[in-house]
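Order-wise, the sequence lines are chains W and V.
The opening position of the first sequence corresponds to residue 1 in this note's numbering, with each subsequent residue numbered one higher.
The opening position of the second sequence corresponds to residue 1 in this note's numbering, with each subsequent residue numbered one higher.
By construction, these hints were calculated from the structure, which means they are not laboratory data.
Take these hints with a grain of salt, some might be off.
[Said to hold, decoys possible] Below, in silico cross-link-like pairs of lysine-lysine (DSS-like), each with a Cα-Cα straight-line distance of 30 Å or less: (1) Lys121(W) - Lys188(W); (2) Lys422(V) - Lys242(W); (3) Lys485(V) - Lys242(W); (4) Lys422(V) - Lys92(W); (5) Lys414(V) - Lys164(W).
Note that the coordinates shown come from a computational prediction; the quantities given were computed from them, not determined experimentally.
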Amino acid sequence: MPNYRGGTFVSELNKQAQDNSRRAFLKTSGAALGGVVVGGVFGKMLGGGSRNAVVPAAPEHQAAADYNQALMFFNQEQFQVAQAAAERIFPKDEQGPGAMELGVAYFIDHQMASPWGYNGKDYMSGPFEKGVPTQGYQSRLTRNQIITIGMQGLQDYSKQKYQKNFFELTPEQQDETLKAFEKGDGIKLPGTTPQEFFSLFRTFTIEGVYADPMYGGNKDMAGWKMRSFPGNQGNYTEHIEKTGLVKIAPQSLHDHMSH
Amino acid sequence: MEKEKTDMANQLPKVPVVIVGMGWAGGIIASELTKQGTKVVGLERGKVRSTEDYFMAHDELRYAQRYEMMQDLSKDTVTVRNNEKQTALPYRSHGSFLLGDGLGGAGSHWNGQSLRFLPYDFEIRSQTIKRYGEQKIPADMQLQDWGITYDQLEPYFTQYEYMAGISGDPDLEPPMVGKRSKPFPTPPMKKTESMKMFEEAAKKLGYHPYNMPSANLSEQYKNPDGIERAACQYCAFCERFGCEYGAKADPVVTVIPVAQKTGNLEIRTHSNVTKVIHTNGKATGVVYVDTITGEEFEQPADVVILTSYLFNNVKLLLNSKLGKPYDPKTGTGVVGKNYCYQVNAGATGFFDDKEFSTFMGAGALGIEADDFNGDNFDHTNEKFLHGAGMRITQSGARPIGSNPLPKNTPSWGKEFKTANLKYANRALSIGAQGSSLPFKTNYLDVDPTYKDAYGMPLVRMTFDWTEQDKALMKFQGAKAGEIMKGMGATTVTVNDTLTNYNVVPYGSTHNTGGTVMGADPATSVVNNYLQMWDAENVFIVGASNFAHNSGYNPTATVGALSYRAAEGIAKYLKQPVKLV
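Construct the entire structure; sequences and hints are all you get.
Structure, rendered in structure tokens:
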């Protein structure tokens, strides 16, 4: 049964869009390399420069829609489960945004539809046997099947125990549910285990917090900013011998496209 | 299975030399032979690569987590088990080791840590017996000399280092490492704060740290072949990534263009070799599938050179029924023998009052100490042989892959997030890259059940940690912990325990053995020119030649062996005889 309540995530979206206007871009400076020849793709495409010097660019246009924020794989209910579960794994707090604001559920959705979600480069021929844990992934299921089945498990567990959807539970109830899946706790899932699902979902969440924003998470590089990670920089030669944490404004791969 | 049904392979005109796999070994050999005027066909099952492909290389998800540069396991993989009682199952998804793919092979996605193996390594059995007596070697440890000495191999190490432009410490001298005939071609890399801290702490303990030899290039360099490359930018995207600057030595920016310029090299990509054809102790060519069209070809050649990653070198021999397969029950036979890996101990320090810029770096930016490597220390009272290279490296802490947490921190939720953000830039790690010695029960053979996309059986790995490995791990972990305490960490977590070998977490892509070199055909596959004992016009080159694995990264030694092989092949082309 669909539980679409547009208001909850649409208002989130608007807030994020406004943040876009504060973004600044870092631009190429040919001077930083001191005249040394730079080979390879950047030597050819960017005229021999590093991209490290800070030159603020003009602000972006006001609050353009993020067309990336739509669903490729999940239905609405699955999206809401993913959003709620990811938020508990990486919650919003006084240090900064959580998974929901970072767009992690969109990231996971897009990954489900990607070759990774379908185990495109994995050996998926039988016979399938359980083996021992040291033999690794032996599931006949693809990652997007494990996530889908596991999230259905979260829904079933929540409805049975709390008579509610997982995404309608209190944060404490959601944590209790996720802990039960993390430990196993006698929960049965077809073709997979609650632990396998939880571990995979947790990994997807962390990836969504910290992957380049082009994948749909790490909205506005806010995941990187919380830990002072500068993202995609071409050159640290000037900084590499320095003591302490050097703060550099982050840039994403999108920066390469603006030349 | 998508094997194309063909009654007969398309027969191609005979060529002097066919090389299978265009990584470091294939690239170096192709370069040397074509410079001398020999026509070479290079078969590579992956795609073409160039620095232009790395426009978007600073993408941790795509390259480091989704294995952009790695082998498509849906087409070919290995099966794994810890021991003979288990049924081996496919290595379905990348984990413990990352198989390379495409032009440049593993030489494109490596870090560039370029250390020579020790004189001790090449004569490990005789030197161990000389110092400790034969009883020091456990009965099931198949320790053997390599059939070549460090001094014999030294000129080839130098040749490799000048080709790649290795940046190294001018003070690196014996006795802890082998003697060098020429200084490093370029000065050492820069030193980070963490490297200086490690250096100081190690010196205080009486050790001998040095700046790690690096293929990242400390300055612009023109090699003897006339190839000019730019200096490393310390951008921190090396291992698992391709270098967009061409600063990291990679076959694609060094030896392959040299070979291509001669007009004597024809590279055929998307060409997956399935068999070596042979008759009466000589190869006549290879069979390969064009993975784009599905067509099968037979490429006759005077000399066949196998330079793919070790699993595939072994697979080709076994599936072609060339050479004597190793039998673990009797310890006889040679193909698949002495599979070794790497024992990685270490220590992580958490600094509550200090932050570092660990997000910067280069693949081979580090300090190394060999005080507990090889036989540089007395093993009389130890329950293990050999040792580990102790090192701190700053290759770039990327945010998905690097989330160091003190012990007992939850792995999700509010408390996790707080610790995750707090320690993102407050953790340093020391690695003790330990040797892996050969045991009777660790080997490669043919899997009875699982096949690749072309219908060929997969290679089966049987491997587990031994008492030797566990004792080495414990010793090296403790040493790493001491240095980390000396560096002033608030808390130190030591990694010093091994249980069973597990293919899930990343360990090392330093898989070795299976076609080992030696002086005796009864215990080795190839002689010291990497020429096959059982087929004199077949040369097999790579880390598959290692009779054991040392406490170092393998590439420098693979590079030296490749130059040695190139010399042997050139001799053989002039006068086709057994070279040893």
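Could you work out which earlier hints the structure fails to respect and list their numbers in ascending sequence? Nothing - there is no hint that the structure violates, so all of them hold.
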